[in-house]
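*Asks:* Here are the chains, one letter per residue:
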Amino acid sequence: MKFITLSFLIFFSISFFSQNLIITGKVVDENKETMPGVNIKVEGKEGGATTDLDGRYSITVDNQLNTLIFSFIGYKSQAVTVNDKIKIDIQLKPSSENLDEVVVVGYGTSRIKELTGATVQVKGESIERLNIPRMDQALQGQVSGVTISTNSGSPGGTSNIRIRGLSTSGNNNPLILVDGVVYDAQGLNALNPGDIESINVLKDATAGIYGVRAANGVIIIETKKGKKGSKPKFEVGSYYGMQSTTKKLNLLNAGEYALIKNEMFIRGGGQPIFNNTDLKVGSNWQDSIFQDAPVQSFNIGVNGGGKNSSYSIGGNYFSQDGIVGGKKSNFERYNARVNLVNSLSKKLTLTSVFLYTHEQRSVLAENGIGSVLYNTINAFPTRNIHSPDGNYEYLDEVSDIINPVAQIENTYNRSLTNKLVGKQEFEVKILDNLSFTNRLSYNYAIVDGKTFNPLAWYGSGKYANSALNANLEPVMVFNGFQYNQNSDTYDSILVERGASVSEQRATYLDLNYESFLNYNLNINDHNIKSTLGASVFRRKGDVLNGTGFNIPNNSIDYADISASQSPGQFNQNNTGSYEFEERLLSAFLRGEYSYKFKYIFSGVIRRDGSSKFGPNSRYGYFPSFSGAWIVSEESFLNFKPITFLKLRTSYGISGNDQIANFAYRALLNGEGVYVFDDIITAGVAIGTAANPDLKWETTKQLNIGVDLQLFNSFDITANYFIKNTNDLLFSPNVSALIGSYGPGGYPPIVNAGNVSNKGFEFEFGYATNPNNPIGVNVNLNFTYLKNEVTSVPDGIDFIPGASFGVGGNTATRFEVGFPIGYFFGYQTNGIYQDQSQIDNSNINQDGAQVGDLIFVDQDGDGKINFNDNSDKTNLGSPLPKFMFGTVLGFNLYGFDISANLYAAVGQKIIRNYERQQPYANQLNYVLDRWTVDNPSNEVPAYTTASNRNGVFSDFFVENGSFLRVRNIQIGYILPKDFCKKFKTNYVRFYIAANNLFTFTKYMGYDPDIGGGALSGGVDNGFYPQARTIMGGVNIKF
Amino acid sequence: MKKIFFVFIAFTFSLVIITSCKKFLELDPPYTQDAENYFQNEQEYFRALTGAYDLLQGMFVSYWIGDIASDNTIAGGESVTDTEGLHQIDNMTHGAVNNELRSLMRWNYCGISRCNFILEPKENEVNFASKATVLAEAKFLRAFYYFELVKVFGDMPLIINKRIGNDEVLSSRRNPASEVYDQIEKDLNEAIVVLSYKSESSHSGIKGRVDKGAAQALLGKVHLYQNEWSNADFVFRDLINNGNYSLASDYTTMFSKSNENNSETVFDVEYSDGEGGGYNCLICLEGNLTPGYQGIRAYEGAVYGDGNSYNLPTQDLFSSFEYQDPRRDVTCLNLDNFISSNSAGSTYSIGGGGHTGFYNNKYIKSKAEMSGLGDNDLTSGVNYRVIRYADVLLMAAETNNRLGYDTLALEYLNTVRSRVGLPLKTLESNEKLYEDILKERRSELSCEGHRFFDLVRTGKAADVIPGFVVGKHELFPIPQDEIDLAGGNWSQNPGY
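One line per chain: the protein sequences are X and Z, in this order. Residue numbering for the first sequence follows my numbering, starting at 63 and increasing by one per position. Residue numbering for the second sequence follows my numbering, starting at 440 and increasing by one per position.
Treat the hints as calculated values from the structure; they're not laboratory data. These numbers come from a predicted model, not from an experiment. Each hint should be verified, as a subset may be incorrect.
Stated by the list, open to error - Below, simulated DSS-like cross-link-like pairs (lysine-lysine); rule was C-alpha separation at most 27 Å, straight line:
id: 1; chain 1: Z; residue 1: LYS911; chain 2: X; residue 2: LYS602
id: 2; chain 1: X; residue 1: LYS155; chain 2: X; residue 2: LYS310
id: 3; chain 1: X; residue 1: LYS602; chain 2: Z; residue 2: LYS461
id: 4; chain 1: X; residue 1: LYS1038; chain 2: X; residue 2: LYS293
id: 5; chain 1: Z; residue 1: LYS911; chain 2: X; residue 2: LYS925
id: 6; chain 1: X; residue 1: LYS138; chain 2: X; residue 2: LYS1038
id: 7; chain 1: X; residue 1: LYS88; chain 2: X; residue 2: LYS925
id: 8; chain 1: X; residue 1: LYS310; chain 2: X; residue 2: LYS390
id: 9; chain 1: X; residue 1: LYS290; chain 2: X; residue 2: LYS1038
Said to hold, decoys possible - A few chain X positions that, by computed beta-carbon distances, are all more than 12 Å from chain Z:
id: 10; residue: ASP124
id: 11; residue: TYR504
id: 12; residue: ILE508
As the list claims (entries may be wrong) - Cβ pair distances, simulated, as ranges:
id: 13; chain 1: Z; residue 1: GLU559; chain 2: X; residue 2: ASN636; range: 32 to 42 Å
id: 14; chain 1: Z; residue 1: SER569; chain 2: X; residue 2: LYS602; range: 32 to 42 Å
id: 15; chain 1: Z; residue 1: ASP768; chain 2: X; residue 2: ASN546; range: 24 to 34 Å
Glycine is no exception: its CB is placed at the ideal position from the N, C-alpha and C atoms.
Please model the entire structure based on the sequences and the hints provided.
*Replies:* Okay, here's the thing in structure tokens:
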């Protein structure tokens, strides 16, 4: 792309006399390294020269008054008048102002200066530096308007990326492109942060060039590329760290537990369950679950290029064990990357990208009833991990709590992913200003999963038992009848059902052919840029799974279906499979006009057709418009401190197509299974009901922004946006009459309901010249977001989300006038202190006892109604109101210190990891419970008797605001001369800590909780992010 | 320039071709049949019928309500919030927010919609020999599902022979119970004409497929619930005279897996232990969850398995049996007595949801039948006996008594009594016989899901159920969510 040179084309033409002179010289960078590929032009003349591999050049001028202009991307251009010099050596300095930097937008690039949209670029370096294995987690707090929340802190766990808020009750994932190839948001684990050159986030309507996939924003990731005509540059980086939990919960110890439980049983009219409550500390289940776990990474890369080609090759090994479960919840990844750019001829360039990933992940049961941490929190401190007979303690009294140590030991759940992502791209330069690009890209992934379920016994009545008894005898299952001649009867045949292994292979292939023309025209002050193209996309998936029983010796060593010793009749050894396919057909046009690069207008239109939508709405048009005014180019703005000022706005329509395939059709994919002749007989049933009008969700977004630069070094960006999403795709509860609520049945998916997101974003950046021995850099960003559901389908009051407790009522909702997934339950107002307070209250709270929570009568009918929703109210939202991120860095004669902070304020979390059951352990806040001697107004009395304290109320809702020091590090760069002795250019050692401090009032493990759109902020025993202390080294040579 | 021109043309051409190629987007789901191109042959009809049968397996909700709402059992379980809806029903404090009632409504309407899918008019009707039977069974099932709804909720919207969308839901109304009953009777009468008795060779002989006897028994029961005694008598008489059913000799093995499909079986819901399952989708189970749910909490000992202590018989039920009635111990397991005499040293725990000392011995997890795949609390293969011939005889006895044919009524009553060796009743008065028949129903059929509905239809509920309000608790409230989802136009049942 040649736009970059445009800005340097300032036409002067002064010639005094003619005299050919040959000027030679050498160009070096800020580190006095030679710079190949630097452009040298004679001001006002055609042609020019570039520096060679050694940074040397030679150029002919005809006049001593000529000025030479040295330019290179990312560096400040320098102009030098020849005068009487014949040798001109130049040192170029990086442009501290990054206005000339190139940002990748859809099907093209743009200079930051000329952007009309709200687009942000994050350099790969600031991602890599954090040593966070997932690029999206590393992005947290770095870009305003982008909310990253964690779905699981376990190694390989996923995050949610939300650009400008939640806009749907369905899938809010943005479109992610890696070198132009569609990459699945959940599969981001596969990407090595060390391979990333830049991350470009398209937040507003200018993302509309991606049409029906752009509504949730677009993230364009570019991997590292080489430079033509440069020597090989090697980069090696490695770190090793130790992880530990940031927190352990304050649970009751044995003595406290016995005290509380006795009291509960006595209050409930029973007998105390402990004769002696002097049980001291007892066992700490958390100590037996959490462990220190290593994390390590080794990264190597080489970049360079010859005359007609450039290359960048990289490799990475990463491994991380879990702070819960160690190797049983680990993640390991191997990456290989090759980027090649070849100029096949003067007009033809071939770009090839290959990204290969091999990853392995093991997981434990997480974040729910039955998960390891849920079991740990609720296990009784009065019992040891092992009972006196040497077996694992059974924790008999609660049927759905099992021994978490035994659970980890019996868990074998591993997945393997092999993924190849790449493209072949031909660019034909038809004319200097007309290029034609054709590319075929692919994303091929094979995901293998294997789960081994050994025969296990957790105590009688436990849901997790797979064996018949503690001797691990297999369960006998019915397997047909056998005729018995002696008695003339049919006797049941019973067969053993031993340990089982389930295996799954899923194969996914995306193929995408894209073809587009880029045409630029510059006539005097008028500049036109245009793009016209088409895209054909196909995604196919194929999943096959099977289960084999009776694995020999109950051992992981034989955990493969091939080892199954099951007789293999109909009720064992199951297999299954399914396939899917989706297609997208698109055409797009973008035109941009600017006058003197002062006034810029841009328009985009895209037409998308998708196989996902009903025949009545298969194609959609998605237009967007944007404009910018670079005020600082105006002569009237002659105010020195303002070095750049741009006002911009955009408005456009985009879509979200992320719904299930064929959701518009009434498929016979329900479950219609019955038993005839004692044989399970598969029939058919309608699954999802039909809707031929089904289409995409439509987002209309307005953005108003300003970019300001002061004193050439302070960069300020602010945006205000209104983003309204209509035609939400969701399957609301429908009436029972439709008949959707049978096995495998789902209500039809309809387009109904609106969501509004409004927000304000602010970014500030300042950096001193990185070559100064003493320097500072600061980046601040701030986001305010207001999310509101503005309409839901007719006849529906709300969509229910997550449930509270075990089999409890719905606690989160999607409802008009509230944020998506807000919490809905009873509001409390203290504790009933004595009987007279209950008797004299003008509100009748059924069954209230002294020490119970007082609920607020929302509808004012004089009683608390527990049978309907009339007394429930808004208890807060899981979405933060404000987010704040900052990066601070200092460097001082080779030493550097930096810190990344992230804060999210205003969100609430539901404490849903407490099993409300008389024997389950509890957090030690219950020590402050109401008693006659301790008239608490916060924590109710505990009893085994029937009461309403366990209904979902604000008692279980906590403030989830937090400030987290995400990364803090100290590094030292060895002096240049010292490096030279070892033939290296750059050596940096550092020590760093991730998640060193978290400031929060939240009682649970980790306040940074993600979750689905309607189930956000519900903590079911969340696997927390680890605190990591690490040391590492980066070397370049 | 020529080359450039060529590229341009080729590009524009391909663009037009690609983006206008509609066929490219007309994709059929791989290997998946569609609702609109179904019903091409006998096999497909039968598979759809299987899907319609599937919802019978959700009957455990009304089964539980039948005893828990009555004086027979308490809800039990781990705590009072464990399946809270049943506890509310137990205490007669239930309101319009009740997950169990909602499931009952959803599942039965799902069953109805699956029957309607089979019965709705087709563009190209295919014909085959057994088609009439398939349609008759679908009508039986639709009648059964509507009867479940009408006996629990009263007036309910009737949807017949069509699939409906949300627009039709919003314009729906609650048809009077009498109209629902008329439809049920119509479906059953049409089914009876086509179906044959299990004992006849014309029946397929497949265990689990309903026969004429099931349809007649259900029709008689439907008449009974409306006090249509003559109509009931007509049906029961035909069934008793021609159905070739008889009482099984041994009451104690009546509810075992091995004794399924005996001479007394009129209509069972079929279950299998051959498929695993979880709590997240109870209607997806192929196993019977009631034996596990009703199993002894944290029990370790002989004979029985461990379970969730649901649906526990009361002392009142236990004491209601006559002297030496063997049905008492088949119905109520006196746990401490059992342990001390049969299984010394066994242990169990007491659930927070209540404890009576008795367990429901008809459907209870036993070691002998604990073979279901995991979670075996949910996957018992034991069938639920919906209508037994003893029930038919007692309904016929009641019918005849109400019509004044007391001799025949007494004969039916004594047939049931003599099977368990109880002394025969003699005729004292019509009313005394009526009371004897109703008492016999309790002794014979307790813990089988009938009691509450019997008490309601005989007007005796308020006498024995604490908190029962006449004029309110005969029906359960329509789930508030369902009223809202239907546009808020339905009236709630009185008193709620």
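*Asks:* Evaluate each hint against the coordinates.
*Replies:* Hint check:
1. Distance restraint check for Z:LYS911 and X:LYS602: the Cα-Cα separation of roughly 57 Å exceeds the 27 Å cut-off, and the hinted pair is therefore not satisfied.
2. Of the supplied pair hints, the one linking X:LYS155 and X:LYS310 is violated, its CA atoms being roughly 50 Å apart against a limit of 27 Å.
3. Restraint check: the Cα-Cα separation between X:LYS602 and Z:LYS461 comes to about 19 Å, which is no more than 27 Å; the hinted pair holds.
4. With a C-alpha separation of about 19 Å, the suggested pairing of X:LYS1038 with X:LYS293 holds against the 27 Å cut-off.
5. Straight-line distance between C-alpha atoms of Z:LYS911 and X:LYS925 comes to about 20 Å, which keeps the hinted pair within the 27 Å bound.
6. Straight-line distance between C-alpha atoms of X:LYS138 and X:LYS1038 comes to about 23 Å, which keeps the hinted pair within the 27 Å bound.
7. Pair hint X:LYS88 plus X:LYS925 does not hold up; C-alpha atoms about 87 Å apart against a cutoff of 27 Å.
8. A distance of roughly 20 Å separates the Cα atoms of X:LYS310 and X:LYS390; the hinted pair therefore holds under the 27 Å criterion.
9. Using a Cα cut-off of 27 Å, the hinted pair X:LYS290 and X:LYS1038 holds, with the two alpha carbons roughly 25 Å apart.
10. With a cut of 12 Å on Cβ distances, X:ASP124 stays outside the contact zone with chain Z, its closest approach being about 33 Å.
11. Once the 12 Å rule is applied to beta carbons, X:TYR504 is consistent with being away from chain Z; the minimum gap is 18 Å.
12. Annotated as non-interface, X:ILE508 keeps its C-beta farther than 12 Å from every C-beta of chain Z; the closest such distance is 19 Å.
13. The supplied range of 32 to 42 Å is met by Z:GLU559 and X:ASN636, whose beta-carbon atoms lie about 33 Å from each other.
14. Between Z:SER569 and X:LYS602 the beta carbons are some 40 Å apart, a value that agrees with the proposed interval 32 to 42 Å.
15. Taking 24 to 34 Å as the suggested C-beta distance range, the pair Z:ASP768 and X:ASN546 conforms, at roughly 29 Å.
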